[in-house]
Amino acid sequence: MTAEATEGSESTTGAEGTESPESPAKGAAPGPRALARQRRRATVARFWNEYRRHRAGVFGLAALSLFVLVALSAPLTVGSDVESVTNAPGQPLESPSGRFLLGTDQFGRDLLGLLIWGSRVSLLVGLLAAALSVTIGALIGITAGHFRGWYATVMMRITDWFLVMPTLVLAIVLATVLSRSLGTIVLAIGVTTWPTTARLVRAQTLAVESRPYIERAKALGGGHWHIMSRHVLPNVMPLVLAQTTLIISSAILAEATLAFLGLGDPAVVSWGGLLQDAREAGSVSSGDWWYLVPPGVGIALVALAFTLCGRAVEAVLNPRLGVSR
Amino acid sequence: MSSVSRPTTAEAGAANGPGSAGAGRPSPSPRARGLPVGAYPRYVAGRLAGAAVSLLAVLVTSFFLFRMIPGDPVKFMTGRRPVSAEQIAVYRREFGLDLPLWQQFTDYCGKALTGDLGTSYQFRAPVVDKITEALPNTLLLTGTAFVLYTALGVFLGTRSAWRHGGLGDRLHTGLALTLYSIPSFWLGLLLIIVLSVGVDPIPGLFPTGGMESGREEGFAHVVDVAHHLVLPVVTLVAVEYGQTLLVSRSALLDEMGGDYLTTARAKGLRDDLVRRRHAVPNALLPTVTLIFVNLGRTVAGVILVETVFSWPGLGGLFYQALSVPDLPLVQGLFFVFAAAVILMNTLADLLYPLFDPRVGR
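Listed in order, the protein sequences are those of chains A and B.
The first sequence runs 0 to 324 under numbering that gives the first Met the number 0.
The second sequence runs 0 to 360 under numbering that gives the first Met the number 0.
To be clear, the hints were calculated from the coordinates, so they are not data collected in a lab.
If you anchor each label on the Cβ, the simulated ranges turn out as follows:
#	chain 1	residue 1	chain 2	residue 2	range
1	A	S284	B	L346	34 to 42 Å
2	B	P202	A	N48	52 to 60 Å
3	A	H223	B	S322	44 to 52 Å
4	A	W47	B	V43	45 to 53 Å
5	B	G209	A	F146	51 to 59 Å
6	A	V57	B	A150	28 to 36 Å
7	B	A44	A	L71	56 to 64 Å
8	B	V43	A	L71	54 to 62 Å
9	A	F106	B	V229	31 to 39 Å
10	A	A266	B	A38	54 to 62 Å
11	A	R36	B	R41	53 to 61 Å
12	A	F106	B	R162	50 to 58 Å
13	B	G167	A	W47	27 to 35 Å
Even glycine gets a Cβ: it sits at the ideal position worked out from N, Cα and C.
Please model the entire structure based on the sequences and the hints provided.
This is how it looks when you write it as structure tokens:
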């Protein structure tokens, strides 16, 4: 994921390197494309070597791979009929046993199956919402950094305003007034969490645009689109991807929260929805911990894993930060 | 003028994830640092104007947000109940929905400015009354939790940074990150199971919810409320202190390389004093800004914790309003939550130059 980002950022410099005299081509000079590819591979390797040193990041990555694997293979392992209320295999609210490792819910459905099935929704919504949020943030950040003047002023005022708004309250209100669906949840989280990214990307854009090679590109006739897409975007990509990892973790938490408040899609099973079901089934007062604990652990582990990865990527990109070591 | 210092605050605020705690690199704005003594009133005026614009924006947003509902709000309100055309007409008139949109908007703004936020569908009472009823309870809960998590976060954060890389630092950072990733409502539910309902060996130690058991008067009442307050506050502090810890930790790490610390050590000051008198005061400045910028997250936490513990505050009210959904009440509470965060941020901005020892000396 991040590897691609670093590739992207290097491709610009790589392409330039072939033209400038200090190009470090050793031996028989291959074509510019091969050279660029070679550089990208070296950057990826360097990034990975750095990343590997952050033990927490490696742990997060491993945990994530495991979760994604389990979620992707869910149709094979548990099958899509775990959600079915009508032909549930067990009795309502059974405690964990050999047959149902995590017990059953109030309809007699296998909780382990539901937990695995629910991870698909939680991960999917988290990823989509983060993608939407980061896209908006990057778009506004790059344009506000590139076009100065009133446009930037207006955009940054809007960003600042969103930044101090209680994000989740705004998302809750959006999810309330729109129809109940996963799309709504993605939209509600996406359009409320972008300001952080916009701020960071704008700062980076300003830094990139003050470099001489942008001036050179302009002198050679590069238009706004060319500069933003070919020079600025590849340079802010690593930052954007670190930011994405961090936003996924808060998006997963936000999704769980919205589902818990009853604003999720009632037709799909998600971790937050399971917690809401558990609460409504009275598992708090009857002390049915086995119904409540696993979905929460799932949410916390995935959110933590994404946070750890994001912090490690950040630390690699900006060693001065001194975080997460 | 506000545009000069605003980006710095916001850039600092950009670090509202635990991971990016240091990414914002919060540095006090040049304006605030080099503020001439006479400039403070002008700074205040700029800040207040900015807050007024933000509040207006919230007002406009909350109006149009609630007009986004697909279909007729009256149908939304009456749900699946069969309603006659006359009844619908009565409802429309009652809530002013028969007027053109612009007139609804001006009416809404005019009323909001005079402190009228409409009538709750659910309680058939003015929204403002419901809010003022619940506000003290929320302030009690939030205030207690805010003081505790800020103190705990700053205390642990500065100590972690001072011995960064050590075992204590790694433990505290790890714990903070873990608690930060836990959904607050889930933690609350678990605490209720373990400490209120009770697991076998432990009896229920705390009430499962609410704010008072009733009956008691005077001092007994205070003790009773405090008893009910314990679990909600513990939940809030647990999920919120991590952020403060990470923010103050990275703020102090920023100061660690400073020459003035070497000077202080060279003077022969004890390590403890170097930290307390020299490093921490400097690190506190960006931390304060960030704590206030991150208040939005606390508001979300309060809503969930009040819901889980049936605390009779604004958050609990919000949940009740959502489940109907009682749109005027949701709208009013949305305005109150947003306004509270904006006002607190403005307050932090106003106090900031006063805290900075480099100003006014």
